[in-house]
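Undergrad: Spelled out from the first residue to the last, the chains are:
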Amino acid sequence: MKHADVIVVGAGPAGIAAATAAARHGRSVLLVDDNPGAGGQIWRGGIENFDKAGEKRDDPAKTKALKGLVSSGATLLSGFRVFDAPGPSELRAIGETSEGTEVVTLRYDRLILATGARERFLPFPGWTLPGVFGAGGLQALVKGGFAVEGKRVVVAGSGPLLLAVAAHLHEYKASIACIAEQATTSQLAPFASSLLSYPSKVWQGISYRATLYKTPYRTGSWPISAMPNEATGLLKSVQLTNGNKTWQEPCDMLACGFHLVPNTELASLLNCKLQVGFVAVDEQQRTSVENVYCAGEPTGIAGLDAALIQGEIAGLVSAGQSASHLHSRNLAERRFGARLEAAFRLRPELRLLPALETIVCRCEDVTYEDLAARSSWTDAKLQTRCGMGPCQGRICGPATQTLFGWTPKSVRPPLFPVPVSAFCVHDSQQTVSEEIA
Amino acid sequence: MESDVLIVGAGIVGCACARECALAGLRVCIVEDSVTGGGATAAGMGHIVVMDDSPAQFELTRYSRSLWQQLLPKLPRSAEYETRGTLWVAADEEEMVEVRAKHSAYGAGGVRTETLNEAEVAVEEPKLRAGLAGALLVPDDGVIYPPAAADWFLERALAIGATIVRGKAISANKGELRLADGTKLRGERIVLATGTDCSLLPSLPIKKRKGHLLITDRYPGFLHHQLVELGYLKSAHKLESDSVAFNIQPRRTGQLLIGSSRQYGDEDSKSDAAILTQMLERAQGYMPELAQVSGLRVWTGFRAATPDKLPLIGPAEGLTDDRTIWLAAGFEGLGITNAPAAARLLVDQMLGRAPEIDAAPYLPQRMTTQAALHA
Amino acid sequence: MPESITVLVNGMPVQMQAGSIVSAALLKAGEPCRLSVTAEPRTALCGMGICFECRATVNGVRHRRTCQMICCDGMVVESDR
Chain A
5 MKHADVIVVG
15 AGPAGIAAAT
25 AAARHGRSVL
35 LVDDNPGAGG
45 QIWRGGIENF
55 DKAGEKRDDP
65 AKTKALKGLV
75 SSGATLLSGF
85 RVFDAPGPSE
95 LRAIGETSEG
105 TEVVTLRYDR
115 LILATGARER
125 FLPFPGWTLP
135 GVFGAGGLQA
145 LVKGGFAVEG
155 KRVVVAGSGP
165 LLLAVAAHLH
175 EYKASIACIA
185 EQATTSQLAP
195 FASSLLSYPS
205 KVWQGISYRA
215 TLYKTPYRTG
225 SWPISAMPNE
235 ATGLLKSVQL
245 TNGNKTWQEP
255 CDMLACGFHL
265 VPNTELASLL
275 NCKLQVGFVA
285 VDEQQRTSVE
295 NVYCAGEPTG
305 IAGLDAALIQ
315 GEIAGLVSAG
325 QSASHLHSRN
335 LAERRFGARL
345 EAAFRLRPEL
355 RLLPALETIV
365 CRCEDVTYED
375 LAARSSWTDA
385 KLQTRCGMGP
395 CQGRICGPAT
405 QTLFGWTPKS
415 VRPPLFPVPV
425 SAFCVHDSQQ
435 TVSEEIA
Chain B
1145 MESDVLIVGA
1155 GIVGCACARE
1165 CALAGLRVCI
1175 VEDSVTGGGA
1185 TAAGMGHIVV
1195 MDDSPAQFEL
1205 TRYSRSLWQQ
1215 LLPKLPRSAE
1225 YETRGTLWVA
1235 ADEEEMVEVR
1245 AKHSAYGAGG
1255 VRTETLNEAE
1265 VAVEEPKLRA
1275 GLAGALLVPD
1285 DGVIYPPAAA
1295 DWFLERALAI
1305 GATIVRGKAI
1315 SANKGELRLA
1325 DGTKLRGERI
1335 VLATGTDCSL
1345 LPSLPIKKRK
1355 GHLLITDRYP
1365 GFLHHQLVEL
1375 GYLKSAHKLE
1385 SDSVAFNIQP
1395 RRTGQLLIGS
1405 SRQYGDEDSK
1415 SDAAILTQML
1425 ERAQGYMPEL
1435 AQVSGLRVWT
1445 GFRAATPDKL
1455 PLIGPAEGLT
1465 DDRTIWLAAG
1475 FEGLGITNAP
1485 AAARLLVDQM
1495 LGRAPEIDAA
1505 PYLPQRMTTQ
1515 AALHA
Chain C
933 MPESITVLVN
943 GMPVQMQAGS
953 IVSAALLKAG
963 EPCRLSVTAE
973 PRTALCGMGI
983 CFECRATVNG
993 VRHRRTCQMI
1003 CCDGMVVESD
1013 R
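Those protein sequences? They're chains A, B and C, same order as listed. Each residue of the first sequence is one higher than the one before, starting from 5 at the first, in my numbering. Each residue of the second sequence is one higher than the one before, starting from 1145 at the first, in my numbering. Each residue of the third sequence is one higher than the one before, starting from 933 at the first, in my numbering.
Hints may be right or wrong, so weigh each one.
Claimed, not checked - Listed next, the in silico DSSO-like pairs over lysine-lysine satisfying Cα-Cα at most 30 Å (straight line):
#1 Lys1328(B) to Lys1351(B)
#2 Lys240(A) to Lys960(C)
#3 Lys413(A) to Lys1351(B)
#4 Lys240(A) to Lys205(A)
#5 Lys249(A) to Lys277(A)
#6 Lys413(A) to Lys1318(B)
#7 Lys155(A) to Lys960(C)
#8 Lys413(A) to Lys1352(B)
#9 Lys413(A) to Lys277(A)
#10 Lys177(A) to Lys960(C)
#11 Lys1453(B) to Lys413(A)
#12 Lys277(A) to Lys1312(B)
Stated by the list, open to error - Pulled from the structure, derived: some chain B residues nowhere near chain A, Cβ distances all over 12 Å:
#13 Thr1185
#14 Glu1224
#15 Asp1386
Derived from the structure by calculation, the hints contain no laboratory data. No residue lacks a Cβ here, since even glycine has one placed at the ideal position from N, Cα and C.
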């Protein structure tokens, strides 16, 4: 059993900022994350990327944040995922160590949820073919050592993530055939112009465009099917449309994701109130549950800068410090987030992409036809087993919400599949109690 | 328009009753507030098992199992009916004595069983721990996915003239069923098939018995039969205290369903960590490799238990003066098994047909007789 | 020069850079991580441990999320069937 004044769940930018701020102000802090290292998605670690000169490339913001975390004195617990909240101020997590599987109970005085977001996947014919990946998904795999040099990639779906992924793949020497963004130019225009209020983001946008200046960026376009090579069964091309004309884009890979959905499962398990699917927080990042804070994407998809500032606020407030000096920046980032949401709103045609035989629930291979006959999420779950697989509805939930307007019901532990033995924990076994310094 | 029968509750029992009524030519309307089979039907294990904790239970489950076997060719694939057989596992020689006794009793009742020794059990189920005394195999017992079966019963009923109304019944009185939205339905008979919900007839002697289940990821070949420890019956018999008993079922998908637990007095649907730990440790005791198996979900459900552990099937005489109220309730852990028999016995009584088994042990009016005897 | 290690994927030796994830080894070998309920070959989709499409048997243990595991020299990886 480990106890800390402040526990932060999720070591992405928000979690790192929160842990750093709280630890700098004298609190004992434990930062817990499922991945092998800190960074979350946007700052995911992995195989080092060497540029043409053989120099290691690094993101200065990421380096600064990680250095700050290390020097703050916060303790990082990597490779552990939280799967239950069994008692008041208590979490249970499981991880793989060199000795095997370990279950650990974590007790806190204050809890900061920085659980980030995941990609939204929408089904269309051929989306389960080998060679079709998520957009962020392919980026993560490449960082994890998947070689894409010389491969032809179509990047499609929605969100600023598409540009970041395309630029990143380009650095790893893939050839980007095109980027297909479902939002129209006019939908994006207010967002693009508002970037002028956010100079750092304009810089990010410009640097992406510099990398990708030869790559066609087609707005108002979306994938309608992924076609296999009949002989090999592997991806051969993607059929895209803009509502008027349709064309084939030959490729080796499709990196496709439709923006982001917040990871609110732990917050729900703790009975934090949600608002339109996001965790409701006040300007001090407090949720509706006492001593529980939330920072970053789960409160609203608003990008890196919002995550950093919300994390810092939560860290400061949880350490009994004032964060009022950050209030106006926080508001500015929230406004940016609102524009982001409006710019990348999903168009109605996306609901009509699946064919009757298109698989919607990938864990259980439930087709669109199976689901269309059902009346609600619960009815579909019981009669087709949609959502009953290991992903626990994280992939098919957002998809069926877009397709049918269904909202999944309440969350139950375990938040992730765990070995049967992990459910058998005796308080008497927790005699080894560690106080995080 | 008045129905011959109004059924409250589209769980597996209510749906089976609706189909049986419709097949008998009765005009039937079923009322359901939520999704078909969304209560105990969805929460339970889905076993079809002959249970001999009493002669009346043995008769009912034997009869109902034979009805399931007749339905087998008609059931859709989604119902996942499989004749996996039950293995009643004996941990020691004392339990082996029980195995032999069951073997005789089942045989006398016309139900096929085989006794297995330690070596034979190991061959039937390699993942069971070594050192067990033996087991009783009941090869014709089955396993099913209940919500799909309930949906099929309902769909068959609707296809032959039954109707369904979605809404919450708030009162049942002299042939009139009132719904929360103000709708009034009229019927010659009102059948309460509402599981643990006694709001329409507070005198129902039904108590909730909470159970836990865990479902795993797919492990094809891990488990061949449904396994039950002999202590299961002792656990099911306990009227007051909490207990666990090892029970595991394979799904066609290769997933494993692990149970079982029984608790009185706990109305909270949240899972109880202490009981869950006990239940899973007991399971790991019988099948050690379960420790590393990936558990996807844990949930609870509420069985409807009567004082004598037999269901209430027939007119609600003795529990109410209202002659229009009928019951198909109180099935405890055997709702899935006994649904077809309950439906058949109910309709037999409505039509004055001779039932295929003696319906007396399940008549609701026995409750008052028993109460009088104990007074 | 980054260190190189070897893992076995469905019996075939595959050389990977040290620090690579197991999903990358399966992709390099051209092998699916698993077969779905209707026998479709599947590989990693989300890359962040959430979709469970990347499940494979690693060193004899089924249903391991290969996108969350780092390759070790001599690791035995088999597609889940």
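Undergrad: Does each hint hold? Answer for all of them.
TA: Against the structure, the hints come out as follows:
{"no.": "1", "hint": "Lys1328(B) to Lys1351(B)", "result": "holds, 29 Å"}
{"no.": "2", "hint": "Lys240(A) to Lys960(C)", "result": "holds, 18 Å"}
{"no.": "3", "hint": "Lys413(A) to Lys1351(B)", "result": "holds, 27 Å"}
{"no.": "4", "hint": "Lys240(A) to Lys205(A)", "result": "violated, 35 Å"}
{"no.": "5", "hint": "Lys249(A) to Lys277(A)", "result": "violated, 44 Å"}
{"no.": "6", "hint": "Lys413(A) to Lys1318(B)", "result": "violated, 37 Å"}
{"no.": "7", "hint": "Lys155(A) to Lys960(C)", "result": "holds, 13 Å"}
{"no.": "8", "hint": "Lys413(A) to Lys1352(B)", "result": "holds, 23 Å"}
{"no.": "9", "hint": "Lys413(A) to Lys277(A)", "result": "holds, 14 Å"}
{"no.": "10", "hint": "Lys177(A) to Lys960(C)", "result": "holds, 16 Å"}
{"no.": "11", "hint": "Lys1453(B) to Lys413(A)", "result": "violated, 33 Å"}
{"no.": "12", "hint": "Lys277(A) to Lys1312(B)", "result": "holds, 28 Å"}
{"no.": "13", "hint": "Thr1185", "result": "violated, 9 Å"}
{"no.": "14", "hint": "Glu1224", "result": "violated, 10 Å"}
{"no.": "15", "hint": "Asp1386", "result": "holds, 16 Å"}
This entry does not satisfy hints 4, 5, 6, 11, 13, 14, going by the numbered hints stated previously.
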